[in-house]
Amino acid sequence: MEAPDAESLGFLEDTLRKTMLSASGAALDAALVDLGWRDMLDEIPDLAIPLVFRLLGETGAHAPVLNDVVLRAAGRDAGATVSLPYAGGSWIVWGRADTADGALDSELPIHRVDGGLEVPLAAGRQAIGWWLTGTSRAMLTLARQHALDREQFGRPVASFQAVRHKLAETLVAIEGAEATLRAAPSAEQVDFASLLAKAAAGQAALCAAKHCQQVLAGIGFTAEHAFHRHLRHVLVLEGLLGSARELTTEAGKTVRTGGSAPRLVQL
Amino acid sequence: MDVAEYRSAVRAWLDDSDLSPSTDKSFEGQEVQLKRVRQALFDSGWNRWGWPAEVGGLGGPPVLRAVLSEEIADRDLAEPGVYCMVEVLAPTMISYARPELAAEMVPLLLSGREQWCQGFSEPGSGSDLASLTTRATPRGEDWVVNGQKVWTSGAQFSQRCVLLTRTAPGHAGITAFFVDMDTPGITVRPLRTMHGVDEFCEVYFDDVVVPGDRMLGREGDGWQLAMDLLPLERSTCFWHRIAYLYERFDRLLAEAPADGDAELGAAYLALHTARCRSRDSQHRLADGATLGPDTSIDKVLLATAEQRLYDTAHDLLPGVIELDDSPWRSEFLYSRSATIYGGTAEIQRNIIARRLLDLGKE
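First to last, the sequence lines map onto chains A and B. In terms of the numbering used here, the first sequence opens at residue 1 and continues consecutively. In terms of the numbering used here, the second sequence opens at residue 1 and continues consecutively.
One or more of the hints may lead you astray.
What the hints assert, rightly or not - So, partial list: chain B residues that the calculated Cβ filter (under 7 Å) puts toward chain A:
#: 1; residue: 1
#: 2; residue: 6
#: 3; residue: 8
#: 4; residue: 9
#: 5; residue: 54
#: 6; residue: 58
#: 7; residue: 269
#: 8; residue: 301
#: 9; residue: 359
Stated by the list, open to error - Label pairs and their in silico Cβ distance ranges:
#: 10; chain 1: B; residue 1: 257; chain 2: A; residue 2: 9; range: 35 to 43 Å
#: 11; chain 1: A; residue 1: 186; chain 2: B; residue 2: 169; range: 31 to 39 Å
#: 12; chain 1: B; residue 1: 169; chain 2: A; residue 2: 155; range: 45 to 53 Å
#: 13; chain 1: A; residue 1: 154; chain 2: B; residue 2: 319; range: 21 to 29 Å
#: 14; chain 1: A; residue 1: 100; chain 2: B; residue 2: 329; range: 41 to 49 Å
No lab work stands behind these hints: they were computed from the structure. Here a beta-carbon is modelled for each residue, glycine too, at the ideal position from N, C-alpha and C.
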């Protein structure tokens with residue numbers, strides 16, 4: 001597969017988005033296989049991973065394709081499941097069938113397991129990072145529209161500076177995290193850059209969740225509004241392959257023991 | 001010359017040159033050091049790369065200037081704030097001055113023979129810059145300036161000033177001039193800041209006569225000039241400042257205790273995020289994009305990272321800022337201004353809300 005040009009990439013994005021808006025879970029998993037997801041993952045991973053996972057976030061759909069990313073990085077076949085490390089030293093499996101497994105996000109077939117084998121995490125962290133920033137953008141879109149539509153004291157709440165600044169801070173966090181995800185470090189620094197990008201994306205998503213829910217106010221606390229589904233995705237994904245808190249602490253240890261701060265990106 | 005080639009050549013040259021600063025850390029000392037560094041870089045040609053030949057440059061992509069600034073920061077050869085004035089003032093001259101004036105003046109700045117300042121803010125016009133009242137009135141071929149500027153960095157050492165004046169009401173009534181600081185009627189009074197450096201000045205203009213051919217652009221172009229200038233500051237200057245903060249972070253690592261990894265990691269992540277964003281902005285600029293309100297995001301990320309770094313130093317080096325006479329004290333105090341100068345953190349969020357999120361008027 002050759003790297004697609006801008007036009008075919010746009011077409012691919014449209015197709016993926018439509019698919020994700022009409023299917024989720026196991027059905028989306030199957031649809032992605034039909035769309036060539038596994039070939040894309042093998043041949044153009046640097047395009048496919050950001051695109052597919054960002055769109056999962058933006059559309060609010062889900063599919064167990066993180067397994068594929070981690071399995072391929074470990075040199076194994078896609079299509080199966082693999083134990084994945086979770087915050088606090090836990091391990092989980094993200095199943096490929098639509099079964100509620102007791103996670104906070106009951107849509108996601110995720111359950112605890114006793115342990116797992118060490119697997120390469122860089123690609124998986126990139127993938128979840130894009131998912132988290134995509135979800136953050138979805139939450140920001142909801143909150144922004146609400147702020148423009150909702151009137152109190154005779155004017156849109158978007159006209160109040162306290163509301164505007166929360167949304168502005170959300171955008172800053174998202175754009176910052178996306179910049180870390182786009183960083184193209186040298187091969188030996190990919191692991192560390194992915195760790196940082198996952199941490200930045202986790203922080204951004206928690207910031208977006210907090211600010212956007214506050215701007216949405218009452219309606220964002222109901223299960224009738226779409227917001228809570230994004231919030232649940234964020235809370236579950238943030239701990240997967242290490243939480244922002246754990247990853248920043250690990251980064252601190254790495255730079256302290258290394259004695260200097262790696263300049264991971266260059267002009 | 002490409003970036004990698006330039007970087008390794010500059011490194012080799014800097015390794016062989018002794019430009020390390022003296023122990024005099026006063027603002028005067030910084031000025032002397034800055035002139036020395038500029039002169040050496042100009043004589044050797046290194047700081048002429050990235051500038052057009054019309055103003056004494058050697059050509060090549062502007063990103064070479066950012067590469068040089070990082071090497072300067074890594075070696076702690078010059079204070080980033082004063083070093084970086086060139087990045088704002090020279091492009092302004094190239095865009096707005098008569099070509100002959102830019103050709104005559106810019107080399108004086110690049111070579112360290114002169115220092116220039118930027119007369120924008122006024123006592124009544126900080127965040128609301130467009131309300132400025134320093135007046136310029138025509139008299140024959142000349143203009144006569146009356147009023148007061150404040151926060152004018154380095155005015156006491158400057159030979160010239162890029163000055164914003166009012167020539168008519170409103171945004172379209174702001175006009176910029178390139179003023180000689182030895183013109184009769186200009187009085188400079190340094191302001192003592194809380195970190196003990198006379199970096200900023202008040203500058204008074206009493207019937208100061210400025211020749212008409214020193215107008216930058218045309219009458220009424222001043223607001224656009226000011227708007228064009230912010231993205232300049234936020235490309236190369238930001239890269240330089242971030243590089244400087246990495247260097248300071250390395251110093252913190254050398255002194256930090258083993259139980260501060262969470263704080264160190266958070267500070268490092270904030271720096272890394274600002275650096276990644278700044279790199280993206282430089283690439284967009286290099287690809288021909290015009291930087292605009294999107295650089296408010298760079299500004300918020302940088303100011304946040306800078307304050308987080310020094311807050312972390314404060315937390316992990318207890319007593320050092322408060323009890324010891326070390327550079328951490330002055331730098332910590334200075335970092336408090338990161339969310340104030342160059343457009344406050346609140347103004348940046350207003351711009352992001354209005355221009356990037358399209359939230360309508362307040």
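**Message:** So, against the hints stated earlier in the document, which numbers end up violated here?
**Reply:** 1, 2, 3, 4, 5, 6, 10, 11, 12, 13 and 14
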